[in-house]
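Could you build all of it, start to finish, from the sequences and the hints given here?
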Amino acid sequence: MATLPTSPSGNRTGRPSPTDALQALRQQGRLATDFGNVGRLLARLPRPDRGRVGQWLAQVGAAEIATKNPGVTSARIAVTGTSTVAGLVPHLVAAGAVHGLLIETHVRDSHDHRADVLNAAGASREGPPNVTLCLLDPYLVFDQVGVPWQVDDVTRVLDATLGELADLARAFSRSGGSELLVLNTLPLSVAFTSQLVDYRSRSALGAAWRRFNAAMLELCLQHERVVTVDLDAVTSRVATDSDLRLATYARQYYSEDALAGYATEAVALARHVLGRTKKMLVLDLDNTLWGGVLAEDGPEGIVLGGGDEGGAYRAFQRVVRQLAAQGVLLAVCSKNEQNEVRATLADHPGMVLREEDFAVIRANWRPKSDNVTDIAAVANLAPDSFVFVDDSAFECELVQAEHAGLAVVQVDGDPALQPLALLSEGFFTVRELTLEDRGRGQLYRIEAERQDFLSAIPSMQDYLAALDLHVTLRSAREADVTRVSQLTLRTNQFNLTTRRLEPAQVRELTQRDAKGVLIIEADDRFGGCGIVGAVFTSTVDNNLLLDNLLLSCRVFSRSIETACVVALLEQARATGLRSVVGFHRPSAKNHRVAGFYPQHGFRPADQDERGTRFVHDLGELPDRPPHITLAATFSSEE
Amino acid sequence: MDTAAFVTLIRDELGLPVTPASLDVRFDELDRWDSVYLLKLVASLDLAAGRRIPVPALLRAQSLREVHQLVAAGEP
Chain U
1 MATLPTSPSG NRTGRPSPTD ALQALRQQGR LATDFGNVGR LLARLPRPDR GRVGQWLAQV
61 GAAEIATKNP GVTSARIAVT GTSTVAGLVP HLVAAGAVHG LLIETHVRDS HDHRADVLNA
121 AGASREGPPN VTLCLLDPYL VFDQVGVPWQ VDDVTRVLDA TLGELADLAR AFSRSGGSEL
181 LVLNTLPLSV AFTSQLVDYR SRSALGAAWR RFNAAMLELC LQHERVVTVD LDAVTSRVAT
241 DSDLRLATYA RQYYSEDALA GYATEAVALA RHVLGRTKKM LVLDLDNTLW GGVLAEDGPE
301 GIVLGGGDEG GAYRAFQRVV RQLAAQGVLL AVCSKNEQNE VRATLADHPG MVLREEDFAV
361 IRANWRPKSD NVTDIAAVAN LAPDSFVFVD DSAFECELVQ AEHAGLAVVQ VDGDPALQPL
421 ALLSEGFFTV RELTLEDRGR GQLYRIEAER QDFLSAIPSM QDYLAALDLH VTLRSAREAD
481 VTRVSQLTLR TNQFNLTTRR LEPAQVRELT QRDAKGVLII EADDRFGGCG IVGAVFTSTV
541 DNNLLLDNLL LSCRVFSRSI ETACVVALLE QARATGLRSV VGFHRPSAKN HRVAGFYPQH
601 GFRPADQDER GTRFVHDLGE LPDRPPHITL AATFSSEE
Chain X
1001 MDTAAFVTLI RDELGLPVTP ASLDVRFDEL DRWDSVYLLK LVASLDLAAG RRIPVPALLR
1061 AQSLREVHQL VAAGEP
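Going line by line, the protein sequences match chains U and X.
Heads up: the first sequence at position 442 corresponds to 442 in my numbering, and the numbers run straight through without jumps.
Heads up: the second sequence at position 31 corresponds to 1031 in my numbering, and the numbers run straight through without jumps.
Please note: incorrect hints may appear among the correct ones.
Result set (SDA-like, lysine to any residue): computed pairs, CA atoms no more than 25 angstroms apart in a straight line [as the list claims (entries may be wrong)]:
1. Lys68/U with Trp1033/X
2. Lys68/U with Asp1012/X
3. Lys68/U with Ala1004/X
4. Lys279/U with Ala43/U
5. Lys68/U with Pro1017/X
6. Lys68/U with Val1007/X
7. Lys68/U with Ala1072/X
8. Lys68/U with Asp1031/X
Here are some chain X residues the structure puts well away from chain U; computed CB gaps all over 12 angstroms [unchecked claim]:
9. Ala1021
10. Leu1023
11. Asp1024
12. Phe1027
13. Asp1028
14. Ser1035
15. Ala1043
16. Ser1044
17. Pro1054
18. Pro1056
These are computed hints drawn from the structure, not numbers from a lab.
For glycine and all other residues, C-beta sits at the position ideal for the given N, C-alpha and C.
What follows is the structure, encoded as C-alpha cells:
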C-alpha cells in the first residue's frame, strides 16, 4: 500500500509526523475546521506528497472551508489547458493551504483553451478569477504534426502555435476580467526526440523547440497581465517524466510532481495579485547562516567560508544576498550576545552578509516570538509578511504559534539543502521589480539612521522640524505606473480602500484624467525616499472623489498624508468644487486609518457593508503641517 | 489485496467516504465521484498491485468493484 514518507524531523522531537497528523484530522472530519493547521502540516511534507491532501481538501470543498474559517483569504483561480487539467486542482488547493490561502478553482475543459481563457471572466458569481491558468502541453504541437514527420513540419506548427498564443495574450490583455493569465513553456520529451534516429535532426528539433520557448517567455515582456511559467525551471527540480500511460490514454501529460511544482508557481502569482507576497526574511544565525554556536565556539570556531560545509553556508548567504538585492528586507533574530554578533558580522572573513545588509538585528536572550514583534515594530511591517528561518523546531513552532500567517522555513542540518528550502515556495515572487525594490534595503538603512537621529532629539515636533521634509504631489507619469501598481499590491496598513491594481489598470486611470492618479514623493535631509504613496481621484458632478489613498509604511507618522489631503482640499476650494468625498473600506489590516477622514474634518455621510463614505464641505480646512514643504503640481496640467 | 485494504486505499487516496457497500455502486451514481479520480489512482494501484495496472481497462471500469478486480487479477 502506498504510504507517505514519514518526516524525519517529526520523529526526532517526539511529535507525530505531519502525515499521521493529517490522516488523523481527516478521519476526525476536521480538515475544514483546522484549515490553518492543515496548511502548517502540509508545509512540512515533501511537495509531491501534498497533492493527496489537496484532494481531501477539494473533497471537503472551498465553501465548507470558508464557512468554518470566516477570516480566511480566498483566491479564485480559473483552470484550463490543452489537455486534461482536472488533476492540477488538488495541487493548487494544497499549494494554497501551505500559505493559508483558500483556493477556489473553476475548471473549464471545453477543449478550446482560447475560448476558455477569454470566457473565464464569467466563471464565478463572486467575480472574475484573480488568476487564469492555461496549462499548455507538447501535444498542442505534436497533435498537429502528421506522420511521417520531419523537423520542418514541427517548426511550421511551432510558428503557427506561437502566433495563436500571441493573439490569445493580446486578446486577454484587451479584455477585462482576470488580473493575470499564466501560460507556460513546453517541455520537449524524449518520447518525441527519440522518434528521430539521426542526431542532426534531433539537434535541429531541440533548437527550434527552444526558440519557441524563448518566444513564449518573451510574451510576458510585451503584455503586463501575462506571465509565462518556465516549466524547465519548475520541472528540473522534480521528476520530469510524465506517466506515458496517463498521457496517452487520458491526455494528462504532466506527472504529479510536475503539477505540484507548477501549482506552487501559480499560487505564488495568486499571492502576488492578492498583495500577500512576503516582504521580510528573518534569519537565525547559529546553524542557519553558519555552522556551530557562536556563544560556545567563538567567531574562530564557527563553520563558515572554508571547507565543504563552510562553503555551503557561504553559498546560502549568497542566495540571501541575492534576495536582498531584489527588495527582500533582512533581519537577524538570534539567541546570542549582541556585541559578539556585530563583531562577527563586521570581521568574520567568511561572511557574505554584513551588518549593513540587515534592516534590523535582534541578538539577545529574549523569546524569539517577542523579537519578531519587535522587528515588526521597527520595520513597520506586519509579522504575517515575514519568512522566519531557523534550525530549531521549537523556535519555529513558538514563533508560528504567536504570529498567525508568518511563514516558517525550518532548516535542519544540511546547509546544501537550505537555498532551495528557502526559494522553492516562491515566498517573494512578484510579476516585476521596480527601482524602489532594488534600493529598498538602502532605504530602510537610511530609515535606521533617521531613527538614531530621532532618538537624539527631545521631542517629535523638533525631530520633524529638523527633518526638513519636502513632499511632492503630482500626476503620475508612464514611468511611475509600475511603482504605483506595486504600492497598491504591497500596501496593507495605510490603504483606505485596499483596491489592488495591476499596471494596466493604473495606466488606464492616468489616461482618463490628469488627476486620476497622483503620486506622493518625499525627500528629507537624509535623502530621497522615492515614491511613498498615491492618491486616486475622480471628479463627479463638481465633487472631488478620493477613490483611494495609500502611503508606504516606511514614512508613517510624519503627517505626509495630512499635507496631501490639505493640498487637495485647498485646491478643490480654489477651483470652486462643492465637496471632497473620501472612502474607507475596512480590511483585516487597515484599521489604523479608520479615523483618517474624521481627523481631517470630513463627516461620515453614509455607510454600507463595504465601508463608510466621508464628505468634506470645504468650510473650515485643517492646518497645513508646519514642518512640510509641499509642492503640488497636478493642478496646472489641466 | 482484500476488500478492506482496497476501501482504505480509496479513502486515503481520494478522501472519499467509501465503504464496502459503495464498491458495487456505478460511478455515475456514486456520491461525489469524478472520472478524473481514476487517473489519481494509477500510481497507488501500481504500487499496491506490485505491477503496472492496465490503464485502458481501468478507464473502462464502471465501479470500484471493477477497479478492485483489476488489482486483484494478477494476485496469486
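Checked against the structure, which of the hints given earlier come out wrong? Numbers 3, 6, 7, 14, 15, 16, 17, 18, in rising order.
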